[in-house]
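S.K.: Generate the whole structure from the sequences, applying the supplied hints.
Top to bottom, those sequences are chains A and B. Letter 123 of the first sequence, counting from 1, is numbered 122 in numbering that gives the first Met the number 0, and no numbers are missing. Letter 192 of the second sequence, counting from 1, is numbered 191 in numbering that gives the first Met the number 0, and no numbers are missing.
None of these hints come from the bench; they were simulated from the model. Even for Gly, the Cβ is constructed at its ideal location relative to N, Cα and C. Incorrect hints may have been included.
[Stated by the list, open to error] Coverage of chain A stretches by chain B, computed from C-beta distances (three or more under 8 Å per stretch; other residues unrestricted):
1) 47-53
2) 71-81
3) 162-169
4) 184-198
5) 212-226
6) 288-296
[Claimed, not checked] Away from chain A, derived, C-beta distances all over 10 Å, residues of chain B:
7) Asp353
8) Leu384
9) Phe408
10) Leu424
11) Met426
12) Arg452
13) Lys487
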Amino acid sequence: MTSLSLKRLAVIALPMAALAGMTTSVQAQEWTPSKSIEFVAPANPGGGWDTLVRTVSRVIQQEGLADKNFAAINVPGGGGAVAWAQIARDSGNPHKLFATSPPIILVPLAGASRYDHTDFTPVARLITDYSIVLVSADSEYETINDLFDALKENPRLSVGGGSAPGSMDHISIAGLASAAGLEASSVNYIPFSGGGDAMTNLMGGHIEAVITGAGESVGQLGEGSQIRALGVSAPERLGGGLADVPTYQEQGVDYTFDIWRGVMGTPDMPEEAVTYYQDLFAEMLETDGWQEARDQLGWIDAYQNSEEFGVFLDEQQEQFSGVLSDLGLLRQ
Amino acid sequence: MDALNNLMYGFGIALEPINIAYVFAGVFAGTIIGMLPGLGPISALALMIPITFAMEPSSGLILMAGVYYGAIFGGSTSSILLNAPGVAGTVATSFDGYPMAKKGLAGKALAIAAYSSFVGGTVSVIFLMLVAPLLSKVAVSFGPAEYFALMVLGLTAVVSLSDKSLVKGLIAAVVGVIISIVGIDLQTGTERFTFGSIQLLDGIDFLVVALGIFALAEVFYMLLRGGGGKEAPRNAIGSLKLTRSEVKEIAGPVSRSSVLGFFTGVLPGAGATIGSFLGYSMEKRLAKDGDTFGKGNIKGVAAPEAANNAACTGSFVPLLTLGVPGSGTTAVLLGALLVMGVTPGPMMLEQRPDVFWGVVASMYIGNIFLLVLNLPLIPLIAKILDLPKPLLLSLILIFCMIGVYGMSFSVFDLLLLLGFGLLGLGMRLFGFPAAPLILALILGNIMEESMRRALQISGGDWMTFIDKPISLSLLVIALLSLGLPLLKKRRKRAAAAAE
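M.R.: Below you can see the structure in the form of structure tokens.
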């Protein structure tokens, strides 16, 4: 089944490969890809992983950074679990990468995937986004502490997010609540089918606050907007449209949360291939094409090479399992 | 008038030769994509992102929007001719379109679909132009409680879609609800009806079910009846022309469904599929000859076609004025706009009027292109019905399988398709209607999620559905639409008894 679908994908990828620039000169002893690289977004078109995969493939192609084409492939299902199960079977394949972010840790912890980050090869962390707390423009809350004071009074106040309980948005607000001195599980978290869905409900006054990605919300904020931000999970203030939004730390809550995104490879990917890709991505981050796309999408560079990324992933797992067990959602 | 000035400005952009070319390319590609079952606008648009990246944002969106509404326009063709819905939004079109084609009226059905789509598309663009900024308030006024009430209202259509036996209709609807909740439950993260299979974690794709229960079941059914069955009428495309009385007959349904469809589209998450079902069931109830719906009534083709195209345009309201995508397709459009450096949202009308008004104006042009493009094609495309039956059946089979495999590259989905084909066959043999199952499949999951979300917000207080005026009115309408036919029947019986 897999080999059949690969053939099919290769057929799709061929015309793109023809377009790819072939400018990079390569030293003989280094490993280089011998065919198109399958770059998997473990989700449907349109989401965060998909945007990352398509943006990275496009920049690499436009800047002529690789001899071979990066073919974007969507393998949706199970919040990533379907793609992970497929990739886990492809041990050692140096021509297959996938986009990743906190769900690679959270989904397995919640018991919904047999495979977790330790089953794959970390390649590089690329960017990060932060989470942001939004309220409607005419809300009585001015700071993040106003919101939490109100939550202490009335635990029924609803905070919407764009994903299921125990996933990124929920972890982020629960961690924030416990840093602010509340019980993590006391937040009445309402899961919506996406950040956009949650924001429309906020604008309509159906919920009190929303937790979502800062990048996703940047178009919604600013002059004439129906919503405003109480705080952002970054260690220091962000730029652009979010320059006015104070961090949690500025408001006396010692808490940061990264919505990082990076690239992983098949289990036991050969070391030479990992080195090739981590260097390729490092080079890509320096290009004008990348910086332009990155700014438009509201991402912040957060490069880590394979080794650093691996250590970081282990730390994240420890941190997330703590929050999940406070929430009673730890299944593993 | 302000809107007129803006529109003139928009036409200035849309009428640039390069943009006219993009509109044409978009709607042409969209029509083709729509006709092929399974190949939906989402994947087509995702593939186009790298192409549009280098384009002027207004041109890029003009092209991509053209693909989107072109696909909804073209999707009716395979619904009518093959009983295989080309896109999810045209499932309801097959209810009466396919029976018409079987009766030898394929040409007429396709023509009605084209005219209704054109009217639905154009009426909704006028709405989009005049009231889009105001409508952003309507779009956000629907919270979980209101969506729940809307879905309840939608589900009351099960009664009118159940033709002969209400009990069988209700059974089909329950099966539909069960299929709709397969997968991870969003509220708790629990798996339901997945039997430990990771392929089922994200639920079952709507098109897999629709293609199985309609197209594949039809193929099986024809095979069962075998060569001895009567041959489909040869060369029976029929006339494309509508008589004056037919035009009169569909004028009402088309205009009502255009308006209904547009407002359904404006609600994030509702979209073309729900819009077309609401339009269909509304007209079935309003029509004096409602009992001939499902057997080839022209109003049953006109209403969903006007509604789905209108809903498609309507879905641009939340996208462009709020910056929130209401559907998977508009989510891809949002992504494409961001990559092109345009941030849709409340400020877009002021910051990028060229994109907004350019796209609105291009939609007028695109709808005319679609009509001009589709009408002459009808006799050609309808020739597919002239194929010998074995060839036609294999063709439908291949279309369905390519469509389903192309969506997910998953053999598992092909097996599901086969399973639903057999389910559909069984339902036909035992007289269970398929439409209630499909309706419940679309609405079931949204209804459940909205209800639980509303209760979670209200702290478990059921009064939340009655306290909110929109939700209350929708529930009252739902109650009336269930109760009135009963009252009518009783009165008729009383009158009969009195005589």
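S.K.: All the hints need checking, so say for each whether the structure fits it.
M.R.: A quick look at each hint next to the structure:
no.: 1; hint: 47-53; result: holds (count 3)
no.: 2; hint: 71-81; result: holds (count 8)
no.: 3; hint: 162-169; result: holds (count 4)
no.: 4; hint: 184-198; result: holds (count 9)
no.: 5; hint: 212-226; result: holds (count 8)
no.: 6; hint: 288-296; result: holds (count 3)
no.: 7; hint: Asp353; result: holds, 17 Å
no.: 8; hint: Leu384; result: holds, 30 Å
no.: 9; hint: Phe408; result: violated, 4 Å
no.: 10; hint: Leu424; result: holds, 26 Å
no.: 11; hint: Met426; result: holds, 27 Å
no.: 12; hint: Arg452; result: violated, 6 Å
no.: 13; hint: Lys487; result: holds, 37 Å
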